[in-house]
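2 protein chains.
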Amino acid sequence: MKIILTNDDGIYSPGILTLKKELMSFGSVTVVAPDVQKSGVGHSITFSHPLRVRDVSINGDFIGYGIDGSPADCVKLAVREIMKEKSDLLVSGINIGANVGINVLYSGTVAAAIEGALLGIPSVAISLEISESSPDIHGAAEIAKNIIAHIINKELPRGTLLNVNIPHISKDKIKGIKITKQFSGDFDEHYDRRTDPRGVAYYWLAGTGWPKIDVVGTDMHALKDGYISITPLRYDLTDNAFLEEVEAWGWNK
Amino acid sequence: MKIILTNDDGIYSPGILTLKKELMSFGSVTVVAPDVQKSGVGHSITFSHPLRVRDVSINGDFIGYGIDGSPADCVKLAVREIMKEKSDLLVSGINIGANVGINVLYSGTVAAAIEGALLGIPSVAISLEISESSPDIHGAAEIAKNIIAHIINKELPRGTLLNVNIPHISKDKIKGIKITKQFSGDFDEHYDRRTDPRGVAYYWLAGTGWPKIDVVGTDMHALKDGYISITPLRYDLTDNAFLEEVEAWGWNK
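Protein chains in written order, with the numbering used here: chain A, 40 to 292; chain B, 40 to 292.
Extracted from the complex, chain A is given alone in its bound form (with noise of 0.2 Å):
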């Protein structure tokens, strides 16, 4: 098995390194990521400035391919210059810090395993919840490797891809799995205005980025109810549910 491994956090995460481990019982592992942290980059693309491709070793042993772009940019390059072959799957974390409602659309994480299912390639993000004590990068690569043998066998429609959470509680109190949906309603965010030492305001984007409300059947709920959540998410943004309706509003009168 041919597997792309890359994240946001950069190639220098732990998060990247511990899965990598895990991975390679399943066959080889290109890490593939950005040279530096990349949170909250989103679906960026670079187009303005060229890329560079950087061999990254750590103690004299080769680790991957550090990019000075964005993780879509690195599932891009990978795909379209660095693998020789089609991969066979690709993993995107871990991530620290849960990628949960509306996260999901900032997050370069999954962006960068929309990228690998935009490629043809059956792809699943990874991420851990934070909390206050230092996360168990080692148990969730566990986790991860477990989840990962299981969906190896069973086949990922063209387009979808899996968006996994794990919940920051230790691994024996985690109750199981549960499929969601992406929470999609309001949440907690504002912004914290502040002056500088001249006078001038600037303002940091502020709040818990977690819901007003709870909805039973979401990414959220699940995992602050003790469970890994795993939500099957599509790229196509089509409001398939919404299009006779606008179609009905005669636009062409």
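Incorrect hints may appear among the rest.
One copy or two, it doesn't matter: identical chains are merged, so the pair holds either way.
To be verified - Cross-link-like lysine to aspartate or glutamate pairs, in silico, DMTMM-like; alpha carbons within 25 Å at most:
| no. | residue 1 | residue 2 |
| --- | --- | --- |
| 1 | K184 | D225 |
| 2 | K292 | D264 |
| 3 | K59 | D100 |
| 4 | K212 | E286 |
| 5 | K125 | D235 |
| 6 | K184 | E286 |
| 7 | K125 | D231 |
| 8 | K210 | D253 |
| 9 | K59 | D127 |
| 10 | K251 | D235 |
| 11 | K251 | E120 |
| 12 | K251 | D231 |
| 13 | K41 | E124 |
| 14 | K59 | D74 |
| 15 | K292 | E181 |
| 16 | K263 | E171 |
Worth flagging that the hints you see were computed from the coordinates, not collected in a lab.
Since the structure of chain A is already known, use the hints to place chain B on it.
Below, chain B without anything else, positioned relative to chain A:
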């Protein structure tokens, strides 16, 4: 009517000022846009540094607010800080360059409209196809005005936005409006590998971005066929059609 107007080409782009004039016939228009060009940033948001809001004037006339962030940042700041009351409409554009097919995911213009919809405001993204001759911004702004006049009394469901693309042909040659789906298949793209004067490789993203096949009913097909395409989009990425199947994969055995 209170309207927020933004774009991803920056506050000094001709598209935004021309559109502002047309929209002023509907009510007050507040322009909140990036300081500089932000094409291809997708739905990126800024939380690792704070944002500044700058009053922008041209020849002594106040134009709007310039932000050192992404189009989605502009919408968030406009809604959460700048606008004192709830807005009735958000318009993102006119973008120079079509946002159809896969480009919907990369587009800062569409991301701004998604952000508006997220925050509960009826939102429309407007893009003009690029061609070899200079773009007819005035013609496109007139078309945009007519489309907005048409939808002002309709109701967009919460969570839905409209993605409008205008073909780059003279106004009298446009065949009409088609309600379309986002093209989600394969597209023409590759990396152009070059070497710098020091012999080190770099990679330009290249290709037309247009699909290899033409699918009737999609945004791309309508545009190429001489129609204005309007695609209703939703930001809930859940693949509802696939939920049941993935649930049946026996996760908690």
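List, from low to high, the hint numbers that the structure doesn't satisfy.
1, 5, 10
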